[in-house]
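Student: As they're listed, the protein sequences go chains X and R. 95 is the number that this note's numbering gives to position 95 of the first sequence; each next residue is one higher, with no gaps. 106 is the number that this note's numbering gives to position 106 of the second sequence; each next residue is one higher, with no gaps.
Derived list of chain X stretches under chain R, where covered just means 3 residues or more per stretch with a C-beta under 8 Å from a C-beta of chain R:
1) 175-186
2) 216-223
Not everything, but these chain R residues come out facing chain X in the computed CB check (under 8 Å):
3) Thr29
4) Arg33
5) Pro53
6) Pro68
Since the hints were derived computationally from the structure, they do not count as laboratory data. Glycine included, every Cβ here is placed at the ideal spot set by N, Cα and C.
Here is how the chains run, residue by residue.
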Amino acid sequence: MSRGDDGPVDADLLAGVRDVSPLMLGIVPFALVAGIAAVDAGFSLAEALGLSVVVFAGASQLAALDLLGADAPLAVVVGTAVVINLRMVMYSASIAPYFSRYGTRLRAGLAYLLTDQAYALSVAEFERSPDRVRWRYYLGVAASLWVVWQAGTVVGVAVGTGVPDAWGLTFAVPLVFLALLVPAMKDRPTTAAGLVGGAVAVAAAGLPLNLGLLAGAVCGVGAGLLVEGAAS
Amino acid sequence: MTDPTGGFLGSLGGSVRVWVAIVVIGLATFGFRLSFIYLFGRIEDVPPRIRRPLTYVPPAVLAALVVPDLVTVESTVTATLVDERLIAGVAAGVVAWKTENVFATIAVGMGVLWVLRFVVL
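Isolated chain R, as found in the complex (with noise of 0.2 Å):
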């Protein structure tokens, strides 16, 4: 793999590589949520500029996370829409709206992904 650091993290040992993205993660993690509680007296409240963009943050980032793990492009429409994942992705979806739980929405996304797997396809 191409790596931005010209290969010396990408040449580091596997366990390395995993506790480097757990300790930076964590530490960013903790200032964001140090941040204000840290700072607040002298900061009164986040300015709209960045308050704005923030709001739009998880919508954006959990769906380009969720729709490539359940959409694969083929070359025909048919090709696309049969597919277990995504057929199970939007039975989920509909649990997901109508109940707003998220046992349910994995208990039957799985459910209906066993059924094409084990039984349908």
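Chain X with its partners taken away, still in its complex shape (with noise of 0.2 Å):
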């Protein structure tokens, strides 16, 4: 804990922020989809901005904007957008160790951040460097990432109230997922999850209550374990 103390500027914290800017590149055309998107649910600059500090992760953001805009039930709304971070859960167990002997009220300030960016650098930097100040290192991966998804919103908003529907800016909502499921489907059973879910989901589009998106989560979940049973 003694390097990075002394120094005007810590080490630690712009090694994260040296990191994680590459990453930006993906990040604020994620961040401009989220506006826009919240833009065209109906929400105000304050509801916006609200969703995106509140619950800081983008792909359930996404989700909970296209089904509130679609007037689909609250609980629906509320249960996608929960299923799709429970894989906060994972990281969770997984950065654990590297925060145990910090203090309640610090811990409690590094998980509001934890994100997938903020979770696979720092793992891998605190892997590579045992002798980096963790926490700080993490902050300055964690707090970029924060900082630059609320300024996104926020441009993403005006950008959304713009321009006009014809253009179908909209679109750029699916388009982001798409660019997240396919490093996701990475081996056998992943892709079969992803190829049921996907055909299930499409089958089931009819379904009241748009409850072919949880047909399709859980066939999906269902045909991955299948395949990966058969496999071993």
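Join these two chains into a complex; the hints should help.
Tutor: Okay, here's the thing in structure tokens:
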């Protein structure tokens, strides 16, 4: 815990900011789309920013906006977003040992900022450089993502308000999901989960309460487990 | 719309509905993020019975979100396939696969959609 405590500029914090910078190329358009989709769902600027600050998890925000815009029941909106964010439990478990020496309040703050990118970069760095001041490096990564995410949401709201509907800007929402989906289908079981999930969701698209989404998700997870079981 | 709460939430104003969704999703998500970071020392690891299905949640849910936005089943195969969203989506999917880049995926998908919408169809 000694390194980085003495200088006027914190080396560990800056290392985090530096390492996360290239990822902003993907985060900025994603954040803009979150703002655009919020306008399309009828959100005010305060509501759009509220969603980005309180939830701070892009895929679940887009799914919630999509469903709120389609007048889905609140239980379906919340249920879908919560299922998408379940993966945070895995990240929390994986990164927890590195934070176990910190106080409860600091751990709660670090947990609020936990995202796919902050998790992936930080755990890799903690393994590589054991003498990093971990919370400062993590803060450099995670807080940078937070600031860019909020700024991008605000700009997205402005863009979404100014561009005519005919441009179909909300089509960017499924495109973002696609950009996340393709790398997630990295082996046979995950590919099966995606293919079955998508096919069932299309076939069940006529179901009430947007239950097609839930049916696709459940069948997709089942398919992944089946293929995994068949392989082992 | 039908509502599992018997219409109570549906009868609330639009903005209340939005804020209820934001707060509930936010609290649940924070709970997930904090779970093991808070508990560590009492529980050492996620049991495999929970971890295995969680591996398949991202591809299954993302596909269930994206595919119905690209594909609408029509009465004929041709009508189903000749759809600006599906064509743009397939082009974007190839870019996502080759580059794994969010910006390139959005740029190609929107570009193809605009060409089809304003130039071709």
